[in-house]
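Residue numbers (numbering that gives the first Met the number 0), protein chains in the order written: chain A, 0 to 619; chain B, 0 to 279.
Misleading hints may appear alongside valid ones.
Distance windows between CB atoms, simulated [unchecked claim]: (1) B:Asp107 with A:Arg117: 20 to 28 Å; (2) A:Leu370 with B:Val182: 54 to 62 Å; (3) A:Glu55 with B:Ala92: 45 to 53 Å; (4) A:Leu234 with B:Glu91: 55 to 63 Å; (5) B:Asp107 with A:Gly118: 25 to 33 Å.
Covered stretches of chain A, as calculated for chain B (at least 3 residues, CB under 8 Å) [stated by the list, open to error]: (6) 279-285; (7) 569-583; (8) 610-617.
Just so you know, the hints here were simulated from the structure itself, not pulled from any lab data.
Ideal Cβ positions, reconstructed from N, Cα and C, are used throughout, including at glycine.
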Amino acid sequence: MPTLLFEIGSEELPASAVVAGARRLPELVKAQLGAEPARVYAGPRRLAVRVDGLAEKTPDEWAKGPPVDLREKAAAGFAKRHGVSVDELEERDGFLGVTVAGKPLADVLPERLDAILRGLAFPKTMRWDASGLRYPRPVRWLLARLDADAVEGFGTTTFGHRFTAGAIEVGSADDYERALREANVEPDASARERTIRGGLDALGEWSDPLGKLAEVVQLVEWPRVQDATFDERYLALPERVVITAMQSHQRYFPLGENRFAFVANGGDPETVREGNERVLTGRLEDATFTFERDVARGIDELVRGLPSITFFAEAGSFADKTERLVKLVDELGGGEASREAARLAKADQAAELVREFPDLEGYIGAEYARLAGYPDAVAKAIEEQYLPDSASGPLPETDAGKILAAAERIDNLQIAFGLGHKPTGSRDPYGLRRAAIGLLRLATEGALPVDRTTAFADAELRDFVEERLEGLLDVPVEFVRAARKSGVRDLGAVAALARFLAALDDDRLEPVHTVFTRASRIAGSQGNGRVDASLLTEDAEVQLARAVESEEARIAREVEEGDFESAFDAAATLAPVVERFFDEVLVMAEDAAVRTNRLRLLSELRSAVGALGDFSEIPR
Amino acid sequence: MLASLLAYWAERGCVVMQPYHTELAAGTMNPATFLRCLGPQEWRTAYVEPVIRPGDGRYGENPFRFQHYYQLQVILKPTPDDVLEQYWGSLEALGIDLTRHDPRLVEDDWEQPTLGAWGLGWEVWLDGMEITQFTYFQQLGGMDVDVVPAEITYGTERLAMFLQGKDSALELEWAPGITWGDVYRESERQFSTYNFEAASVDMLMRHFDDHEAECRRLLELGLPLPAYDHVLKCSHTFNLLDARGATSVTERAAYIGRVRTLARNVAKAYVESLDAHPAV
């Protein structure tokens, strides 16, 4: 059972491509070679697999030919194509055919390995020569060894560390790891990660606030963690500015105070340290310079720069966006602090520092607001406007921050839907799903009142946002769907209603559910028209009309106040009256006027109970 | 340093050229790159290009930002298989011992919407400092390239800072006893004032319209090369207007769209003219 080693050698791949390639390799290898790789190696200059226990021969295959009754017409041609005589054809399930013997592994490997190479999919690929092959960066060598044998069309040479080793011969599949390690390449990404983590741990408390470690693992082949320092005078900058200068571009890891760690791929440690220190000094000097210029301009002056900065093509400038935010904050019931924060929220888009370090948006605007003497509540809200920044990230702590964060998301959603940029399938370039979930979390966990009827006049947008509730709440989806169709206007209350409905005992739910679904089924598409009291003849329907009239207002009022318990009780009082109605009254009366009147009564009943949700969404 | 690099690439078959005669925001815009990289013909060149970016000036006060600096640009078309080895060799030719340093290729996708151009490549780092941009062009003027060229753009100030161990471009020794700052500080101050405060907006807007009209007229006459000069003029004029803060958001987008349309039309006309009069 031979072992295969297959390596695709390329120029330096982006970290994301290394990860995408390594993830896809196992299934491709399985599909082409019938076995999962025992090892996947991934790094900036190589993607490779080791596959153990391959079959020496591909399995025999049944080549199906023409049906038996077409023997006369078609058998000869089929037999000829397969290089056998007609007599040699076998018969199986009414078809002629021939068993094609499996081929030796070595014969099929070249095309199978080529299929693996071409089967790799990456988000971004390029051409580099006339071969037409597409890959994230040029492929420079292909290596394959089947045990100690070469594979036709593939090399037996790999390349070690780019600057300290050259081409190296890999004698056999088993020799690959050892040969590379001797040439200063660690092909195993998890081993590199362990080395880096160990190196960082040895330097003391380290942090990775912008999450760069996974990327760094794929940027080096022979990692060496080093520490370095910068001049203490830069500690006068806001902390996040210093951290961003270290992490955003240079991918350094803060060690606290004026120390940082970096991961080298080689070189003389002292020389490399000096160079990296000089680079960070340059960045911090630049940051200081821009920070001071921004502060000298002041946040109010920055706001005056917003008309010339595009927020989104066709959606105007950041000044236009600011105007919309101020209005939205008002609609959300925001006070002075949130209105002021909305006015200043986008000021830092005009700041030089944000152009340099986009990660600082929000944070640095808040810093500039503080330095200009704005109240802390305003600064805090500016800082919190992009929260939550992930599905489980923290929410804003302040009320003004919640309101501004909600306004920010509502505006992004309204603008994107207004311009027709709706997410499709897995494509969501503007992060609208995240925006919707963020908004829902502000409304539910954050208890921020958001009137869904005014925030989402566009029905499609409203559905888009509310559909996210189904995944967000820990409640069976049918209860969320029922609650979405209730008369509840507040987004957070829809969630509360869904939870309330889901928590009801079957005994309590059943009668109201029955009232709604029966009324709904029989009323059908009957619209709401006034019930004519003079056409009500039987006592049971008179009683029902009275009950509906008195309970409808009560249910609506309790729902409005968020007292679902009382609203539900009110709806429950209708159950016996409705039951008697159905027992004693024939809705489909001969007289058309009486019939329509009864249908109207049921339609009204449906609306009254429907304020608590569309119970027909809940299967019984 | 510049002379060594040019000599190095001349030895590898590059035509050494002098800077182009009008303002460019990048060495890529030089017709020796933008136009010559279109079509199927082989082409290798190396040249120093002064790049003019009106919005990047900082009155000579910032050690890293200037409205005028130098790129050294190399084009290898088609891309040789050992293009990276050739590039590393150019650094060694400057006396850089690559085993003592930590050279790295860090993903950097390049895109220039006004030229309808994009490519994939890297920033080249030496001990964390970016000294070169390396790009494999994929599209220019909205068209897929026939043959993929490699573009190597050395940031000459950064590279010199690395070689001289300086923290500011202004302190670079340009010639014995003369610093980069001695030569350019005052010009940075004056041009920053011009770009941000003094340039005549009316005149620039007029010029933009004129150059745009001239470009179209020249295209109709079947003269894509002179027409391209007017694309460059439009691009620079727009950059000045932008630095001057003279364009609203919608106007800005419209100007960019106009330059892009011109660049695409010129690229198309140039490729068509190649069929008639092969360039090399």
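Notebook entry, point to check: Which numbered hints does this structure break?
Noted result: Going through the list in order, the structure violates hints 2, 4, 7 and 8 and respects the others.
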